[in-house]
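Trainee: Going down the list, the protein sequences come from chains G and Y. So that you can map any letter, position 194 of the first sequence is 194 in the numbering used here, and since no number is skipped, the others follow by simple counting. For the numbering used here, count along the second sequence from 1 and bump the result up by 282.
Hints may be right or wrong, so weigh each one.
[Stated by the list, open to error] Pairwise CB distance ranges (calculated):
(1) G:120 to Y:513: 54 to 62 Å
(2) G:269 to Y:294: 56 to 64 Å
(3) Y:329 to G:115: 29 to 37 Å
(4) Y:371 to G:254: 49 to 57 Å
(5) G:121 to Y:299: 31 to 39 Å
(6) G:136 to Y:357: 52 to 60 Å
(7) G:191 to Y:399: 21 to 29 Å
(8) Y:399 to G:81: 49 to 57 Å
(9) Y:371 to G:31: 39 to 47 Å
(10) G:276 to Y:399: 14 to 22 Å
(11) Y:295 to G:269: 53 to 61 Å
(12) G:191 to Y:357: 21 to 29 Å
(13) Y:371 to G:121: 33 to 41 Å
(14) Y:299 to G:120: 22 to 30 Å
[To be verified] Simulated coverage check for chain Y against chain G, where a stretch passes if three residues somewhere in it have a Cβ under 8 Å from a Cβ of chain G:
(15) 359-372
(16) 385-397
These are computed hints drawn from the structure, not numbers from a lab. Ideal placement from N, C-alpha and C gives every residue a C-beta, glycine not left out.
What follows is the residue order along each chain.
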Amino acid sequence: MSTGVEAGALPAPAPVPRRAGLRLDGLRRLALACVVPAALVAIWQLTTAGRPYSLIPPPAEVWAELQDLAVGGINDDAFSGTLWTHLAASLSRVYGGFALAAAAALPLGLLIGRVPLIRALLDPVLQVLRPVPVTAWLPLAMILFGLGPRSAFFLVFLGAFYPILVNTVFGVRSVEPRLFEAAAMLGCTGPAQFLRVVLPAALPSIFTGLRLGLGFAWVVIVVGEMTGVQTGLGAIIMEARQLSRTEIVICGMAVIGVAGFVSDWLVMQLGRRLLAWSPNHG
Amino acid sequence: MADPTIPILDMRAVSKTYTAGGRRTEALREANLTIARGEFVCLLGASGCGKSTLLRVAAGFEAPSSGQALMWGKPIAGPGPSRGMVFQDYGLFPWLTVRDNIGFGPKARGRPAAEVRDIAERYVALVGLQSFADAYPHQLSGGMKQRVAIARVLANEAEVVLMDEPFGALDAMTRERLQDELIDLWSRTGLTILFVTHAIEEAIFLADRIVMMSPGPGRIEALHTVDLPRRRDVSSPAFNDLRRMLAAQLHSHHAPRAAA
Numbered sequence: 001m002s003t004g005v006e007a008g009a010l011p012a013p014a015p016v017p018r019r020a021g022l023r024l025d026g027l028r029r030l031a032l033a034c035v036v037p038a039a040l041v042a043i044w045q046l047t048t049a050g051r052p053y054s055l056i057p058p059p060a061e062v063w064a065e066l067q068d069l070a071v072g073g074i075n076d077d078a079f080s081g082t083l084w085t086h087l088a089a090s091l092s093r094v095y096g097g098f099a100l101a102a103a104a105a106l107p108l109g110l111l112i113g114r115v116p117l118i119r120a121l122l123d124p125v126l127q128v129l130r131p132v133p134v135t136a137w138l139p140l141a142m143i144l145f146g147l148g149p150r151s152a153f154f155l156v157f158l159g160a161f162y163p164i165l166v167n168t169v170f171g172v173r174s175v176e177p178r179l180f181e182a183a184a185m186l187g188c189t190g191p192a193q194f195l196r197v198v199l200p201a202a203l204p205s206i207f208t209g210l211r212l213g214l215g216f217a218w219v220v221i222v223v224g225e226m227t228g229v230q231t232g233l234g235a236i237i238m239e240a241r242q243l244s245r246t247e248i249v250i251c252g253m254a255v256i257g258v259a260g261f262v263s264d265w266l267v268m269q270l271g272r273r274l275l276a277w278s279p280n281h282g
Numbered sequence: 283m284a285d286p287t288i289p290i291l292d293m294r295a296v297s298k299t300y301t302a303g304g305r306r307t308e309a310l311r312e313a314n315l316t317i318a319r320g321e322f323v324c325l326l327g328a329s330g331c332g333k334s335t336l337l338r339v340a341a342g343f344e345a346p347s348s349g350q351a352l353m354w355g356k357p358i359a360g361p362g363p364s365r366g367m368v369f370q371d372y373g374l375f376p377w378l379t380v381r382d383n384i385g386f387g388p389k390a391r392g393r394p395a396a397e398v399r400d401i402a403e404r405y406v407a408l409v410g411l412q413s414f415a416d417a418y419p420h421q422l423s424g425g426m427k428q429r430v431a432i433a434r435v436l437a438n439e440a441e442v443v444l445m446d447e448p449f450g451a452l453d454a455m456t457r458e459r460l461q462d463e464l465i466d467l468w469s470r471t472g473l474t475i476l477f478v479t480h481a482i483e484e485a486i487f488l489a490d491r492i493v494m495m496s497p498g499p500g501r502i503e504a505l506h507t508v509d510l511p512r513r514r515d516v517s518s519p520a521f522n523d524l525r526r527m528l529a530a531q532l533h534s535h536h537a538p539r540a541a542a
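Using the sequences and the accompanying hints, generate a full structural model.
Mentor: In structure tokens, the structure reads:
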């Protein structure tokens, strides 16, 4: 066979993005994304500023508190300059619990999706356990793992586990049967198909699961850190609540939001790289 | 390995019955067919005649309900690299580039990375896709995808290439082009090809022998040897005589045979 008219007539495979268009598009998107937050801050300012008995502090006060939390030098109280310690503690729990959840849910999902015996054994149990909210596990977690970081770790793990598992199973079950035939006739049979066919074919779904799982890990972190740990964004929020330091509560919320957003963005970038082959990604 | 007196493929009274939801469907009844090394054989027939079933039995995707499917005299126990399959819907791995799709077989069989790379490069060139070696399947046209599917099977040292209506989804011009390329490839390599089609002209253009099959239940109706010299001229009188004869036979299968 030779290079044909057909091959020659087609353009080079990788589509060239329109750079200028993209940049303008990006600016526009950024501007549009800022409209609603700006409006919300404006309403917040209008309804709280200059009212000494407001239970919600005005934006400026929260902003000052955020700076104090980050670098100190404004209030010089017990919270000053502690933000990074708490952020680091939460990050380690979020990513630790998430990594553990991925390590457990991925192989389990591959097996449940592909091996009927394991599906029959585990699927019913998992389907019954899945609707139980993480918050409901809190008392039991504290009995099982004691007060402290281990309970927090476990709850984050639980929150991230199910989305990863469910999406992995879905991805594995939707692999085109033709691809298994193709692999088999090329000499790739049995367990080798897990690595060479099942895993890559299910990767788009698995990625969706990882994104959702990481999102849930951030959602659960506050609950997880209600278990009596000393550090963490959840812990600082709980402590500030008891002291009626609402500005610190809001700072904690904002930091969780930003941290969750950044970590999701990182996962998306990784996904773009790994899923460049898929017409629906990248 | 090859004792020249043993056929490369030998189907002995192969029957296949599927049972689904309590209903039995007889897809293939007592098919007998021997294929010699280097032959180009077309299975021709209307839908439901069991031609794809026979191909899938030869591939090892289906076990016969009764009868025997042999390669070099040994029972076919399952799919394997000696019998490469080319599917109508390509069956390429969407996450692999053209090069890696073609290198998939050698890699899966544990060849060293450098050798896999060499093999892939060679077969990418054989099907003329050098400038698309790093493209993913979704970036290719149908004809290019099918070239990759063929190269992938050849790169894996298949002795028999099983093709299930491989050009059925392509436009007429691409189809003719690939038919030419396939004949060219076959005459240069000494491959054995078993090719399923429902297009009479395609069968006459390609095959040494045409196996005519008929439905209800699927079975082999007749064998025809095509003696025309290659490259075959589709407008020659001999070509047209054969076409008329096969068309009459094929259409007689559609005549009411409810009693049968």
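Trainee: Each hint should be assessed against the structure and marked as holding or not.
Mentor: The hints, checked one at a time:
For residue 120 of chain G paired with residue 513 of chain Y, a C-beta distance near 57 Å keeps the hint of 54 to 62 Å intact. At about 58 Å, the beta-carbon gap between residue 269 of chain G and residue 294 of chain Y stays in the expected band of 56 to 64 Å. At roughly 35 Å, the beta-carbon separation of residue 329 of chain Y and residue 115 of chain G lies within the given 29 to 37 Å, and the hint holds. Residue 371 of chain Y and residue 254 of chain G have their C-beta atoms about 51 Å apart, which keeps the hinted 49 to 57 Å range intact.
Distance hint for residue 121 of chain G and residue 299 of chain Y: a CB-CB separation of about 33 Å, consistent with the stated range 31 to 39 Å. In this structure, residue 136 of chain G and residue 357 of chain Y meet the distance hint of 52 to 60 Å, their C-beta atoms being roughly 58 Å apart. A beta carbon spacing of about 25 Å between residue 191 of chain G and residue 399 of chain Y agrees with the range 21 to 29 Å that was offered as a hint. At roughly 55 Å, the beta-carbon separation of residue 399 of chain Y and residue 81 of chain G lies within the given 49 to 57 Å, and the hint holds.
The hinted range of 39 to 47 Å is satisfied by residue 371 of chain Y and residue 31 of chain G, whose Cβ atoms lie roughly 45 Å apart. For the pair residue 276 of chain G and residue 399 of chain Y, the beta carbons lie near 20 Å from each other, so the given range of 14 to 22 Å is met. As the Cβ distance of residue 295 of chain Y to residue 269 of chain G is approximately 60 Å, the hint placing it in 53 to 61 Å holds. The hinted window of 21 to 29 Å between residue 191 of chain G and residue 357 of chain Y holds, with their beta carbons roughly 24 Å apart.
A beta carbon spacing of about 34 Å between residue 371 of chain Y and residue 121 of chain G agrees with the range 33 to 41 Å that was offered as a hint. At roughly 28 Å, the beta-carbon separation of residue 299 of chain Y and residue 120 of chain G lies within the given 22 to 30 Å, and the hint holds. Counting residues of the stretch 359-372 of chain Y whose beta-carbon sits less than 8 Å from any beta-carbon of chain G gives 9, enough to reach three: the coverage restraint holds. Only residues whose beta carbon comes within less than 8 Å of a beta carbon in chain G count, and the stretch 385-397 of chain Y has 4; three or more means the coverage holds.
In summary, this structure violates none of the numbered hints.
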